[in-house]
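All chains should be modelled from the sequences, with the hints used to inform the complete structure.
Protein chains in written order, with this note's numbering: chain V, 1 to 139; chain F, 1 to 139; chain Y, 1 to 139.
Hints are computed from structural coordinates only; laboratory data are not their basis.
Some hints could be false.
Claimed, not checked - So these bits of chain F aren't anywhere near chain Y, every CB distance computed over 10 Å:
| # | residue |
| --- | --- |
| 1 | LYS16 |
| 2 | ILE20 |
| 3 | SER127 |
Unchecked claim - List of simulated lysine-lysine pairs, DSS-like, C-alpha gap at most 25 Å:
| # | chain 1 | residue 1 | chain 2 | residue 2 |
| --- | --- | --- | --- | --- |
| 4 | V | LYS106 | F | LYS2 |
| 5 | F | LYS2 | F | LYS106 |
| 6 | V | LYS2 | Y | LYS106 |
| 7 | F | LYS10 | V | LYS109 |
| 8 | V | LYS108 | Y | LYS106 |
| 9 | F | LYS106 | V | LYS2 |
Glycine is no exception: its CB is placed at the ideal position from the N, C-alpha and C atoms.
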Amino acid sequence: MKQAFGEILKNTEGRKLYDITTMIIHWVEQQNITSGLLTLNILHTSASLLVNENYDSNVLVDLESFFCDLVKDGNELFIHTTEGPDDMPAHVRTALTQTNLSFPIKDKKIMLGEWQGIFIFEHRLHSFNRRVALHFIGE
Amino acid sequence: MKQAFGEILKNTEGRKLYDITTMIIHWVEQQNITSGLLTLNILHTSASLLVNENYDSNVLVDLESFFCDLVKDGNELFIHTTEGPDDMPAHVRTALTQTNLSFPIKDKKIMLGEWQGIFIFEHRLHSFNRRVALHFIGE
Amino acid sequence: MKQAFGEILKNTEGRKLYDITTMIIHWVEQQNITSGLLTLNILHTSASLLVNENYDSNVLVDLESFFCDLVKDGNELFIHTTEGPDDMPAHVRTALTQTNLSFPIKDKKIMLGEWQGIFIFEHRLHSFNRRVALHFIGE
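The following block contains the structure:
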């Protein structure tokens, strides 16, 4: 049994979902482990991780529309507004989605459903360099 | 240290929560591993996984009522309506809950709290055959 | 490859977020494993786990404000009111956040982002003794 640690970097350009499935697959291929458990952790509190549909890109547009409507920028409830009206909504949206995900890997293949992709959900309006920590344990 | 891969299938019949705890326990019992980490991944984007109360079934009714009210079928925000008014709400509800869960297993026993059950949350109105991938690593 | 099982206890005093990062770090330090995968499971259905900002405590205040507003106590939709108006909202808030989290540990260090802390999110108004099960696999 072995384990590997790594990190992927993704430059985001505003509030939306970014498909990182291919980046994850490439990292897995480079490791000296064939089958095991892969765990992803995003190292931020204003962007999150999500598994959702990778086929019709309108799903991604609608996900963003929904969260934008649910957690309104500049909501008067919020007192933490240090970095602007999209600051606190980003923390709430992170709380409502996920910061870590785990997947079985069998013979170098991530066990995802036919229409599933792995996404970074950027919740801020500006550009950021987002880091996702990777851990892979298996043999 | 060993690992096992598997899958459980669950036929759903409309939008609600389905307790799969017993199915998971049975699968764990059949594996040649006594203690370790169990990881579940649902292989769909319109049904999700959840740990919640397994005692009063009204909790399950109320969870469904809340999500139905929060993410309305036919919401005019949504442009992805390919499979009907419950299509995009299913993706949003999946984003708001979980697609993967991990549990410690000690001496073949899933470490759950007294009132915790493991559920598939079906978000579509029709019947579906849902697949949950299982991974168990331990000894 | 080795594994360790444990539990931490946290006494909560009402609805808010409780930082348990230090408790987790202490537990990891005491185990005979240097690097691996740490998994946390809260053993309750009315309190949950969350990774969010640990710097400005107003973020925690605002997270509570948002969830309080989104899932209203005494919402007439709810039929499960056995333990009072904050009972069913607690189950919904648990569904909207997480019950389990996994983190890579490298050389005894939890791989968290600079501003990330690990929190128990207590969703009930009263005091509770909350249990979080821990599992650590590695070498």
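- Message: When the structure is checked against the list of hints, which entries are broken? Sort them ascending.
- Response: none
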